[in-house]
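J.: Protein sequence lines, in the order shown, are assigned to chains E and L. Reminder that position 213 of the first sequence reads as 213 in our numbering, one-by-one numbering, no gaps. With positions in the second sequence counted from 1, the corresponding number in our numbering is that position plus 415.
Because the hints were derived from the structure by calculation, they are not lab data. As the structure is a computational prediction, the values presented were derived from the model and not from experiment. Glycine included, each C-beta is placed from N, C-alpha and C at the ideal position. A portion of the hints provided could be inaccurate.
In silico lysine to any residue, SDA-like type, Cα no more than 25 Å apart, as pairs [unchecked claim]:
1. L:K585 / E:D406
2. E:K75 / L:I445
3. E:K75 / L:G675
4. E:K278 / E:Y150
5. E:K241 / L:M551
6. E:K75 / L:A727
7. E:K75 / L:I470
8. L:K720 / L:F581
9. E:K241 / L:S580
10. E:K179 / L:H563
11. E:K241 / L:I655
12. L:K585 / E:D396
13. E:K308 / L:A461
14. E:K241 / L:I648
15. L:K720 / L:S465
16. E:K75 / L:M551
17. E:K75 / L:F581
18. E:K75 / L:Y744
19. E:K308 / L:Q462
Distance ranges between label pairs, derived from CB positions [stated by the list, open to error]:
20. E:S394 / L:A506: 29 to 35 Å
21. E:G80 / L:A776: 33 to 39 Å
22. L:C620 / E:L79: 56 to 62 Å
23. L:G443 / E:K308: 24 to 30 Å
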Amino acid sequence: MKKSIKNALVITAALGLTAQALAANKIEIFSWWAGDEGPALAALIKLYEQKYPTVKVDNATVTGGAGTNAKAVLKTRMLGGDPPDSFQAHAGQELTGTWVVADRMEDLSSLYKSEGWASKFPKAVIDLISYKGGIYSVPVDVHRSNVMWYVPANLKKWGVSVPKTWAEMLTTCNTLKAKGVAAPLVMGENWTQQMVWESIATAMLGPQGWNNLWNGKLKFTDPKVVDTFTMYGKVLDCANKDASGLSWQQATDRVLSGQSAFNIMGDWAAGYMTTTKKLKPGTGFAWSPSPGTSGTFIMLADSFGLPKGAKDRTEVLNWLKVLGSKEGQDAFNPLKGSIAARTDSNLSKYGAYSRSAAKDWKSNTIVGSMVHGAAAPESFTSGFGSINDAFVSSHDAKAAAQASQDLATQARIGM
Amino acid sequence: MKRFSTDRLWSIAVLTPSVILLAVFVYGFIFRTAYTSLTDWGNDPAQAFSLTPIIRFIGLQNYHDLFTSSLNSRFRQDLVSTLFFTVFFIAGCLILGLGMALLLDRNPKAEGLWRTIFLFPMSLSFIVTGTIWRWMLQPQGGLNQLFHLDPATNGWLTSRESIWSFDWNKIPLITAVVVGLALLWVAWRAVRDGQRTRTWVAAGCAALLLLWALVIGPNVKLLPSPELHGFNIAFIGIIIAAVWQMSGYTMALYLAGLRGIPEELREASRVDGANEWNTYRHVIFPLLAPITLSAMIILGHISLKIFDLVFAMTGPDNGPTDVPALLMYITSFRQNALAVGAAIGTVLLLLVAVIIIPYLASQFRTQEGHA
Chain E
1 MKKSIKNALV
11 ITAALGLTAQ
21 ALAANKIEIF
31 SWWAGDEGPA
41 LAALIKLYEQ
51 KYPTVKVDNA
61 TVTGGAGTNA
71 KAVLKTRMLG
81 GDPPDSFQAH
91 AGQELTGTWV
101 VADRMEDLSS
111 LYKSEGWASK
121 FPKAVIDLIS
131 YKGGIYSVPV
141 DVHRSNVMWY
151 VPANLKKWGV
161 SVPKTWAEML
171 TTCNTLKAKG
181 VAAPLVMGEN
191 WTQQMVWESI
201 ATAMLGPQGW
211 NNLWNGKLKF
221 TDPKVVDTFT
231 MYGKVLDCAN
241 KDASGLSWQQ
251 ATDRVLSGQS
261 AFNIMGDWAA
271 GYMTTTKKLK
281 PGTGFAWSPS
291 PGTSGTFIML
301 ADSFGLPKGA
311 KDRTEVLNWL
321 KVLGSKEGQD
331 AFNPLKGSIA
341 ARTDSNLSKY
351 GAYSRSAAKD
361 WKSNTIVGSM
371 VHGAAAPESF
381 TSGFGSINDA
391 FVSSHDAKAA
401 AQASQDLATQ
411 ARIGM
Chain L
416 MKRFSTDRLW
426 SIAVLTPSVI
436 LLAVFVYGFI
446 FRTAYTSLTD
456 WGNDPAQAFS
466 LTPIIRFIGL
476 QNYHDLFTSS
486 LNSRFRQDLV
496 STLFFTVFFI
506 AGCLILGLGM
516 ALLLDRNPKA
526 EGLWRTIFLF
536 PMSLSFIVTG
546 TIWRWMLQPQ
556 GGLNQLFHLD
566 PATNGWLTSR
576 ESIWSFDWNK
586 IPLITAVVVG
596 LALLWVAWRA
606 VRDGQRTRTW
616 VAAGCAALLL
626 LWALVIGPNV
636 KLLPSPELHG
646 FNIAFIGIII
656 AAVWQMSGYT
666 MALYLAGLRG
676 IPEELREASR
686 VDGANEWNTY
696 RHVIFPLLAP
706 ITLSAMIILG
716 HISLKIFDLV
726 FAMTGPDNGP
736 TDVPALLMYI
746 TSFRQNALAV
756 GAAIGTVLLL
766 LVAVIIIPYL
776 ASQFRTQEGH
786 A
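One chain only, chain E, in its complex shape (with noise of 0.2 Å):
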């Protein structure tokens, strides 16, 4: 009898030893990548299993539009002195203005180095993802905020055309509104409004002027900026009254549905109108960049780091690796609805609009988005979302130029 419960102990000894051996060959991947975007993820691990078949990935994903839920959880986790093995982190400031600076990151330079990618990315990329010399993180995949999705039956309908600047727009609003049409641009809530403003702050101050927001040289109260809110104003009257209570999705359907003419929406837009609502691209629906922004790429893209004091250095490397690959972008992007960040990607995997886009991708000018964490930090993307909401109801141009430029200034922009 004594005798078995030796041999029970040696063999749950034995059990733990190995259970300790293995899992010295893990990786923890957190991320908010669930639901319509779980399969692209599930594609990247599973590349990476195949080509280390020894480790075993733990799929940390953290549900929630937009990594709402997961940013908190990372904070809190960060916070804790528990990192996670790698995450991920919107390129540009939502990544070097809250983790880089605050001296949680390795550099990856070396990285960027031995693996040749300094050529691979556009400089703008690896310009928003440096800061101080060093690059920190790994982009996986690039959006673009500022696209103008309409149906061309519906304009062909209505008469008009597609407005190339905003002046053109509000043009085309009137003519809209004349015809019956209430409210011909569709805006959603919050952050979808102020993607609006984003695409026309960049088709009024020009990439260049849109830049230097955020390095600090051009002050929000500079005239030009107050003007970019008047036309936002404007804008503003020509677009539905309830948009606050739609989703991005509710909006798009109102285009679809032909209530609405117009909708600037990122371009995850297309991946909803071909996969879930069955259109053909460019019959069913169609775009074209924002007013004004025509040569321009308004980017944001997600990507993942190595925090500092990760518990399986060498696998996250590994999976860095699996990250910037042609072969892993290729794997992750047709299925996310978005485009390679390398511009050697294979193209005959991707739809009739990633095409476009990528092709955009490789001659337009590139500017970060505000809104989506690459131009601005977190501390002043996340204070413009009340500014939008208070100037939504008063059309106070100045105010809202004097309140973004307080917010600048507490959120350290251009210091």
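Following the hints, put chain L in place on chain E, whose structure we already have.
T.: Same frame as chain E, but now just chain L:
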């Protein structure tokens, strides 16, 4: 030897873990949050999530900013919204709950079934309630479709209108007038009761406050420019959902109270010639007063700290329906301003304390009186 009886040891042993847990996870964290709110943690992004952050003590600066800085007008609107929400939520629950209890008290057919139906919403979580009502109150949603209302003019949750607006700059003035009038009332009561000193102190303070309000008050400015805050129409939708959820609870309380009133009292009032309405007014409602108070306390603190219902119904970024608890979450975890978030949390705690502490004090007093 009696002091260390086994019973006593057992009770101490059983209670100790919860006392320790409470001390650490409630009072310790309250203290920690209050302390954090007095620092500048997160005001500099480089320090917010640093492994070894440099956190400086800055006193009440965060509170000062919340109430007076031009960037924090959202917080002030949230405070105003919370007060309006609390008033309408409590009033709605009490009236509806009392109404349902009175109906059930008349012993209708299938009373148990009705009780279950009325009480059922309370068994749902606020997230579920919020999601259901979000569908119903959407511009193209259930209610507008059901009653053939024009979605363009019936934005239950999307309205940007605000009524009963007042200027935040006048808050010191309004406060002084209200407190002054309250003191005048105290003085008048004291005169009636013949308490001399009390009369003089109260009347003197009231006079001082009202004089201040007349002479200096109008010139006190918290902000450089006027700032209007009022009751946002979009809150009506949220109030409907919240009342729907919690009125069953007040019904249960009132029903228990009504059933606890002995039949002799009602008979006695009938014998005295009171009709149905007078019985309710002079006999039953006064007896229900303590229940009303308990219900107000419970509902009051729920409404002050409400988060999940609003999050589910209008999301975290909708200014017209924002509440302080949501703002605290966004400030801490999105804006990374941890100290400011802690300050908002502390303000909320103080608001709840204003409701709960007098109630607890009166409870303890009556218990001692009985003992």
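J.: Are the Cα positions of K75 of chain E and Y744 of chain L separated by 25 Å at most?
T.: holds (12 Å)
J.: Taking the CB of C620 of chain L and the CB of L79 of chain E, does the distance hold inside 56 to 62 Å?
T.: Taking Cβ atoms as reference, C620 of chain L and L79 of chain E lie about 47 Å apart, which means the hint is violated.
J.: Does K241 of chain E pair with I655 of chain L here, judged by a C-alpha cut-off of 25 Å?
T.: holds (22 Å)
J.: Starting from K241 of chain E, check that the Cα of M551 of chain L is at most 25 Å away, please.
T.: holds (18 Å)
J.: How does the Cβ-Cβ distance of G80 of chain E and A776 of chain L compare with 33 to 39 Å: does it lie in that range?
T.: holds (38 Å)
J.: If you check the beta carbons of S394 of chain E and A506 of chain L, does the distance land in 29 to 35 Å?
T.: About 30 Å separates the Cβ atoms of S394 of chain E and A506 of chain L, which means 29 to 35 Å holds.
J.: Go ahead and decide if the range 24 to 30 Å is satisfied by the Cβ distance of G443 of chain L to K308 of chain E.
T.: holds (29 Å)
J.: Would the hint linking K75 of chain E and I445 of chain L be met if the CA-CA limit is 25 Å?
T.: Holds: K75 of chain E and I445 of chain L sit about 20 Å apart, inside 25 Å.
J.: Quickly compare the C-alpha distance for K720 of chain L and S465 of chain L to 25 Å and report which way the hint goes.
T.: Answer violated: K720 of chain L to S465 of chain L is near 30 Å, above 25 Å.
J.: Below or equal to 25 Å on CA atoms is what counts here, so check K720 of chain L against F581 of chain L.
T.: holds (24 Å)
J.: Hinted pair, alpha-carbon criterion (25 Å max): K75 of chain E, A727 of chain L. Please report holds or violated.
T.: holds (22 Å)
J.: Between K308 of chain E and Q462 of chain L, does the CA-CA distance stay at or below 25 Å?
T.: With a Cα-Cα distance of about 16 Å, the restraint between K308 of chain E and Q462 of chain L holds, given a limit of 25 Å.
Comparing the model with each earlier hint shows violations of hints 3, 15, 16, 17 and 22; every other hint is respected.
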